[in-house]
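Sequence lines, in order, name chains F and G.
So for the first sequence, the UniProt record's numbering puts the first residue at 1; every next one is plus one.
So for the second sequence, the UniProt record's numbering puts the first residue at 1; every next one is plus one.
No wet-lab data here; the hints were simulated from the structure.
Cβ coordinates follow ideal geometry from the N, Cα and C atoms, glycine included.
Each hint should be verified, as a subset may be incorrect.
Said to hold, decoys possible - Facing chain G, according to a computed beta carbon distance under 7 Å, are these residues of chain F, among others: (1) D35; (2) G55; (3) T124; (4) Q126; (5) Y262; (6) R279; (7) K280; (8) E281; (9) C283; (10) L286; (11) Y295; (12) M368.
Protein chains: 2
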Amino acid sequence: MKKFIAKEYSEVKESVYSVDYSNIYDDFINFGVGDPDINTHEIIIEAANQSQLNGHTHYADPQGVLALRQAICDYYKEDFEVEADPSNVMVTMSGTEAMYLVLRTIIEEGDEVIIPSPYFSIYTEQVEMPHGVPVIYETKFENDFNIIPSELEKLITDKTKAIIVNTPNNPTGAVYSTETLKEIYEIAKKHDVVVICDDIYTIYSYESKFEPMIKFDKEFKNVISIASFSKDYVMTGWRLGSIVADADLIKAMTQVHEITVYAVPTICQYAGIAAIENRKEICPPLAEEYKNRMYLAYERLKKLKYVEVMRPKGTFYLFPKINVPGMTSKEVIKEILEKAHVNLISGEVFGKGGEDCIRIAVTVNEDMINEAFDRIEKLDIFK
Amino acid sequence: MKKFIAKEYSEVKESVYSVDYSNIYDDFINFGVGDPDINTHEIIIEAANQSQLNGHTHYADPQGVLALRQAICDYYKEDFEVEADPSNVMVTMSGTEAMYLVLRTIIEEGDEVIIPSPYFSIYTEQVEMPHGVPVIYETKFENDFNIIPSELEKLITDKTKAIIVNTPNNPTGAVYSTETLKEIYEIAKKHDVVVICDDIYTIYSYESKFEPMIKFDKEFKNVISIASFSKDYVMTGWRLGSIVADADLIKAMTQVHEITVYAVPTICQYAGIAAIENRKEICPPLAEEYKNRMYLAYERLKKLKYVEVMRPKGTFYLFPKINVPGMTSKEVIKEILEKAHVNLISGEVFGKGGEDCIRIAVTVNEDMINEAFDRIEKLDIFK
């Protein structure tokens with residue numbers, strides 16, 4: 001049936017994230033996957049279960065259960081001083097569908113979307129699906145992977161429709177300052193383009209409280225905020241997220257959502273209400289745990305020869321630069337996998353600017369982090 | 001932000017399905033929505049809950065949890081003698097995403113897809129999203145809304161990529177015979193086009209056991225079978241479905257799925273395993289209940305002046321023809337809503353061929369069905 005597949009999907013690319021070597025190496029340690037190892041809190045599981053026993057097993061409103069949209073408004077107001085109405089909110093299949101919906105709804109053939117690199121690898125594919133054109137802005141290791149707004153601005157053309165901003169950043173771990181976000185917002189307003197903020201690691205901001213760019217855009221004219229329960233509540237399996245934006249755009253995106261998935265599972269939406277309501281109990285221990293792991297991995301990385309690493313600022317990813325003489329970063333990763341049985345992701349997966357780097361997801365506990373580095377530092381290549 | 005919306009999504013169409021008049025009429029009865037009123041079985045809810053307490057709160061394989069794909073293979077084998085391997089199966093966000101994924105993955109600009117009408121209204125939108133062209137084949141009330149394969153064949157051109165077949169059929173309630181399905185399959189093979197079977201009302205086939213067309217296509221060369229838990233297990237809120245098809249096509253569709261939703265919620269997939277394993281306990285009472293309601297509504301409809309109705313064959317929809325002198329079916333529906341407080345859906349929502357008909361979803365219990373018809377038959381227009 002291969003011949004029936006449309007040209008653009010006829011080549012299958014294997015996903016780098018879903019590779020699992022635990023059946024090859026008994027003592028395998030996975031720094032590859034951005035799936036927090038901690039399970040979803042039982043308060044959330046219990047609320048989800050109760051919702052079903054109470055009969056909420058039917059279709060949800062395609063825009064999202066009203067009580068959840070209200071809870072999301074309350075969260076944006078209490079935590080970020082952002083005033084949104086349930087008409088400004090839609091519930092999505094996590095951040096992935098949220099970004100897909102925004103891009104699918106606004107992009108016309110040839111529209112350009114500026115993406116700071118290194119970037120979460122599906123952004124470019126999502127831009128290309130409706131025949132948009134990704135325009136890459138390279139951030140640099142030497143500059144802590146920060147965005148320099150005046151440089152970003154130079155990439156804006158007549159065809160620019162949107163800029164994607166992801167802070168705290170996957171894969172670099174960078175956290176942009178409030179000043180940077182404000183400047184990017186002013187640039188977007190000046191050129192009348194949209195900033196799509198992938199605000200999905202909000203609790204993992206270690207040196208300053210996360211502030212979303214949308215707080216500067218009180219009428220939601222140029223900024224869209226995507227939120228996700230996947231990381232902030234360790235709910236990756238529940239596929240739950242949301243978009244805060246202008247009400248007309250929400251309506252248009254809801255239409256696209258209706259013909260792709262119809263609505264988000266009702267059980268997941270009730271889980272989301274419990275998550276938000278109990279966030280002050282659920283989130284701080286998670287942020288603390290991953291921060292500790294980040295600093296541990298950072299300290300261990302710093303001691304490795306040929307490795308440079310930025311101080312942890314946010315997310316649960318470290319993105320060190322590897323300069324083992326005579327070896328590419330891909331060769332180093334292969335050596336580490338085969339000799340130390342530790343999986344890492346090559347930085348080039350996240351764009352050309354990441355090719356000298358590797359991504360380490362600290363989604364394993366401190367003992368395993370230590371064990372992994374004990375093995376890595378014994379390798380000949382680091383001697 | 002309206003100006004940023006792509007042209008194709010700039011006009012918002014209100015959904016006819018999600019209209020709720022219960023806040024206008026205290027005694028409102030809703031025959032409009034295809035959401036079974038019965039709640040999901042507690043065996044399924046309990047299994048979903050246990051899966052979460054056991055730690056399955058993380059990302060699922062984008063193609064679907066292997067144990068669920070295996071259960072789907074077992075179901076196709078035991079119930080329909082279809083031999084599939086887990087590589088032939090993917091798990092989707094119900095039938096909606098399944099159809100979207102198939103069309104998105106195979107359609108190139110200008111490809112034609114033949115859709116028997118009246119049809120579930122999102123099919124045409126899903127064909128148009130990747131710039132395909134819906135080609136409508138009109139089935140007729142006089143012919144019990146059956147497909148006549150030789151007539152369908154005449155619509156095949158060089159540009160035809162696929163034919164959508166939905167039996168038992170929403171909205172008409174028609175059930176195509178095994179002979180008809182076999183003939184359509186032979187036509188597809190002869191012209192080398194794909195038949196996409198929306199096999200989502202399988203337990204609601206009242207005069208003969210449902211048989212999927214894919215059983216004729218042992219190598220999955222021309223037929224794709226979409227299944228859904230929404231109707232057969234009254235799990236509309238869980239958004240769970242699957243596709244059985246050629247393994248190469250499954251791989252390509254999984255890629256599209258990864259950049260739109262990534263994976264189906266893990267909790268819903270474990271619910272699905274329990275559903276399939278317990279189907280012999282869960283499904284027969286559901287089929288019995290909706291069959292009884294269908295016959296009750298059928299008997300009541302038959303007594304109404306100016307109404308012709310086909311004997312119930314499948315689904316939980318009746319699709320009678322209304323011929324009130326001097327009134328369009330839309331005007332009749334308005335009168336019934338305003339005077340009897342009963343909501344019905346105009347047949348024209350399902351394509352031009354349905355414009356003299358109305359769709360009745362018997363998703364309310366027998367007492368309410370009787371109450372609704374007691375009110376309707378007293379209306380002046382039926383005297």
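Do the hints match the structure? See the list:
no. : hint : in the structure
1   : D35  : holds (5 Å)
2   : G55  : holds (5 Å)
3   : T124 : violated (10 Å)
4   : Q126 : holds (6 Å)
5   : Y262 : holds (4 Å)
6   : R279 : violated (17 Å)
7   : K280 : violated (20 Å)
8   : E281 : violated (17 Å)
9   : C283 : violated (16 Å)
10  : L286 : violated (13 Å)
11  : Y295 : violated (24 Å)
12  : M368 : violated (16 Å)
In the structure shown, a violation is registered for the earlier hints numbered 3, 6, 7, 8, 9, 10, 11 and 12, in ascending order.
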